[in-house]
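Enquirer: Chains as they are written, first to last, in the working numbering: chain Z, 10 to 150; chain B, 92 to 629.
The hints are simulated quantities; they were obtained by calculation from the structure and are not laboratory data.
C-beta: ideal position from N, C-alpha, C; glycine also.
Here are some chain Z residues pointing at chain B (derived, C-beta under 8 angstroms):
{"id": "1", "residue": "T69"}
{"id": "2", "residue": "S78"}
{"id": "3", "residue": "D100"}
{"id": "4", "residue": "K101"}
{"id": "5", "residue": "G107"}
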Amino acid sequence: MKFIRLIALSLALTCLSFAAHAQGKPAPKDALLYFVWPQNGTTIKGGFWCRFGLRNMGVTHAGDHFANSGHHHLLIDVNEPLNPNEPIAQDKSHLHFGAGQTEARIELPPGKHTLQLVLGDAEHYPFNPPVVSDKITINIK
Amino acid sequence: MAEIRDIKSGRTGEPPPQPMPRRLAAIVAGDISGYSRLMQIDEEGTHNRVKRIERDLIEPTIVEHHGKLVKTTGDGFIAIFDSPVEAVRCSIVIQQNLVGRNAALPKHHWIEYRIGINLGDVIIETDDVYGDGVNIATRLEGIADPGQVYISGGIYEQIKHKVVCGYESLGDRKVKNITDPVRVYRVLPDPAAFQRSRRRRENILIFLLSFTLLVIAGGVFWYMLWQPRGKSWDQASAPVSSPAEQPRPPALPAPVVKQAAPESQPAPTRAPAQQQPAPQSQLPPAAKQEAPLPRSASPATPAPPSTTRPASSVREPAMIPLRGGSFAMGGIEENTEKPVHQITIKPFAIGKFPVSVGEWNECAAAKGCAFVAAGKDDAPVTNVSWTDAKQYVAWLAEAARKPYRLPTEAEWEYAARGGTQTKYWWGDQFQSGMANCKNCTDIAATEQPIKVGTFKPNPFGLYDMGGGVDQWVEDCWHKNYQGAPTDGSAWVESQCTSHVIRSGSWRNDARYVRPSNRDSYDTDVRYPTHGFRVALSP
Numbered sequence: 010m011k012f013i014r015l016i017a018l019s020l021a022l023t024c025l026s027f028a029a030h031a032q033g034k035p036a037p038k039d040a041l042l043y044f045v046w047p048q049n050g051t052t053i054k055g056g057f058w059c060r061f062g063l064r065n066m067g068v069t070h071a072g073d074h075f076a077n078s079g080h081h082h083l084l085i086d087v088n089e090p091l092n093p094n095e096p097i098a099q100d101k102s103h104l105h106f107g108a109g110q111t112e113a114r115i116e117l118p119p120g121k122h123t124l125q126l127v128l129g130d131a132e133h134y135p136f137n138p139p140v141v142s143d144k145i146t147i148n149i150k
Numbered sequence: 092m093a094e095i096r097d098i099k100s101g102r103t104g105e106p107p108p109q110p111m112p113r114r115l116a117a118i119v120a121g122d123i124s125g126y127s128r129l130m131q132i133d134e135e136g137t138h139n140r141v142k143r144i145e146r147d148l149i150e151p152t153i154v155e156h157h158g159k160l161v162k163t164t165g166d167g168f169i170a171i172f173d174s175p176v177e178a179v180r181c182s183i184v185i186q187q188n189l190v191g192r193n194a195a196l197p198k199h200h201w202i203e204y205r206i207g208i209n210l211g212d213v214i215i216e217t218d219d220v221y222g223d224g225v226n227i228a229t230r231l232e233g234i235a236d237p238g239q240v241y242i243s244g245g246i247y248e249q250i251k252h253k254v255v256c257g258y259e260s261l262g263d264r265k266v267k268n269i270t271d272p273v274r275v276y277r278v279l280p281d282p283a284a285f286q287r288s289r290r291r292r293e294n295i296l297i298f299l300l301s302f303t304l305l306v307i308a309g310g311v312f313w314y315m316l317w318q319p320r321g322k323s324w325d326q327a328s329a330p331v332s333s334p335a336e337q338p339r340p341p342a343l344p345a346p347v348v349k350q351a352a353p354e355s356q357p358a359p360t361r362a363p364a365q366q367q368p369a370p371q372s373q374l375p376p377a378a379k380q381e382a383p384l385p386r387s388a389s390p391a392t393p394a395p396p397s398t399t400r401p402a403s404s405v406r407e408p409a410m411i412p413l414r415g416g417s418f419a420m421g422g423i424e425e426n427t428e429k430p431v432h433q434i435t436i437k438p439f440a441i442g443k444f445p446v447s448v449g450e451w452n453e454c455a456a457a458k459g460c461a462f463v464a465a466g467k468d469d470a471p472v473t474n475v476s477w478t479d480a481k482q483y484v485a486w487l488a489e490a491a492r493k494p495y496r497l498p499t500e501a502e503w504e505y506a507a508r509g510g511t512q513t514k515y516w517w518g519d520q521f522q523s524g525m526a527n528c529k530n531c532t533d534i535a536a537t538e539q540p541i542k543v544g545t546f547k548p549n550p551f552g553l554y555d556m557g558g559g560v561d562q563w564v565e566d567c568w569h570k571n572y573q574g575a576p577t578d579g580s581a582w583v584e585s586q587c588t589s590h591v592i593r594s595g596s597w598r599n600d601a602r603y604v605r606p607s608n609r610d611s612y613d614t615d616v617r618y619p620t621h622g623f624r625v626a627l628s629p
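Make a model of the complete structure from these sequences and hints.
Expert: In structure tokens form, the structure reads like this:
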């Protein structure tokens, strides 16, 4: 009896968690993610501090399920479209700021690079609709 | 002689004449606006929320920014920082996090801090800090609006070109009990974040909050129900999995010899003992009572004193002992892997597979680990932070009474190379089917992470050293090997905020499978592809 109850419960919970994961958390329509620095088209010598700006939402630690808040991800030279049904990738071109950082020291090889911010929820999924910044292009001398 | 002089100097009765511990520091003073009002509305609830904010947000944020929390009062805190920049960043992070925390609550329940920061020469004692500088910080905090950070002119001069955000000058202000007026600036991290229009979203927010609470409550209930079953694994799996590593009936030859076999001759089938959850785990829960000792392990050994009993009940990961040696660590493909440097490794043992869900959940059942992992027992455990991984090895070391730990970064690469110096352990060209990486296999995304040991072992007999799950190591993250130790030890400093991950995961492409590849991630953050394996000092 207990066993069946356990199965039913775990099944229900699994469904619940899938439902929660199937799409990201809802984001306010007026949420705005943007680069405080650098701006589109900037030419920079060497490393720089990249600053993330966010309006109408709050920044929190990854894993914290507070409504209307998330954490930053910086996409460098990424061309693939964002998949809203998967956690934001973690590799050398998808930098994560799950400790709630709002800025980062970035060092890139000389040349043109694109930067884009994506806000992730507690489980690193994009919000729905996705909260993303404009994709900017910078030039490293 | 020195003591005699002390007495003569006439300071008897006072503590030894150490110089006063004075220091220049950035002092951060924060307090909750409307604390008495909140306490009036809901005394216990407010108290609990404030304590939680202090524990989950304020203390860790201060530590992350290299500050020190000097004291907390009922409704506030004082912290000191060596660096004004860090002090201001820390305050901004705290305020921004609070915006998120308050978002789900009606306005009269908001907990909003006012924060003042001043640079001053202060007297520091173990649990308090004194001086004009502190008073000014407190006064600044007193005039700040809720949710705001006010800084003094001294701080402003230090940070104006370093922390990019807005500063609004509020002019010279006369503050209570301080003779000279103080120049005050308001920090504007992102002014618009505070002017949120919220009414129409309130309902949905409340719904989400209750949903979250429901899930948490469900999880706790589930966890509590699962625990008895977790214990039955202990008992059931011990006879199957651990005879080789069992501490020792004294008559047996050194267990190392037994374990060494797979090193020289990697078994073609993959270690059945470890990865299959013993079928006996289906035993009725009535069997969960501890049996005194597994019968099969060592039939006639008289039970040694009670110390080994806990050890006999814990399932230890399969380990492969490695002889020490010397190798060239690093690569030329990425800046993070340079410079290539020679490392000498002492003998150690390393997990044959990444730690599995089944192994992890024994730790969770024993309350040594923070959460019960989902997934099949023989899949690698994922979504663990470095801190989680450390908890597991600490629990395992305690339960098995062996010095289990995380591998160092050098040990991991030594083990991953398996005695080779090529780009991959099997050669310089990538071959499909050798590792679990993105676009390298036919495994469906829903089956990932696939069970440990699905791919070929390297020459040391180790599975999944490259691809599969990312693996935490002991070392703090450093952006390259400039200044790295060469004796195979971990490169650490206290309180580092990010640690090294190795191996790459099933969601990374073939470049990440290279044994020299390295990456970093925040110490306390969980991510769905991150796991680990254990190491053992001889």
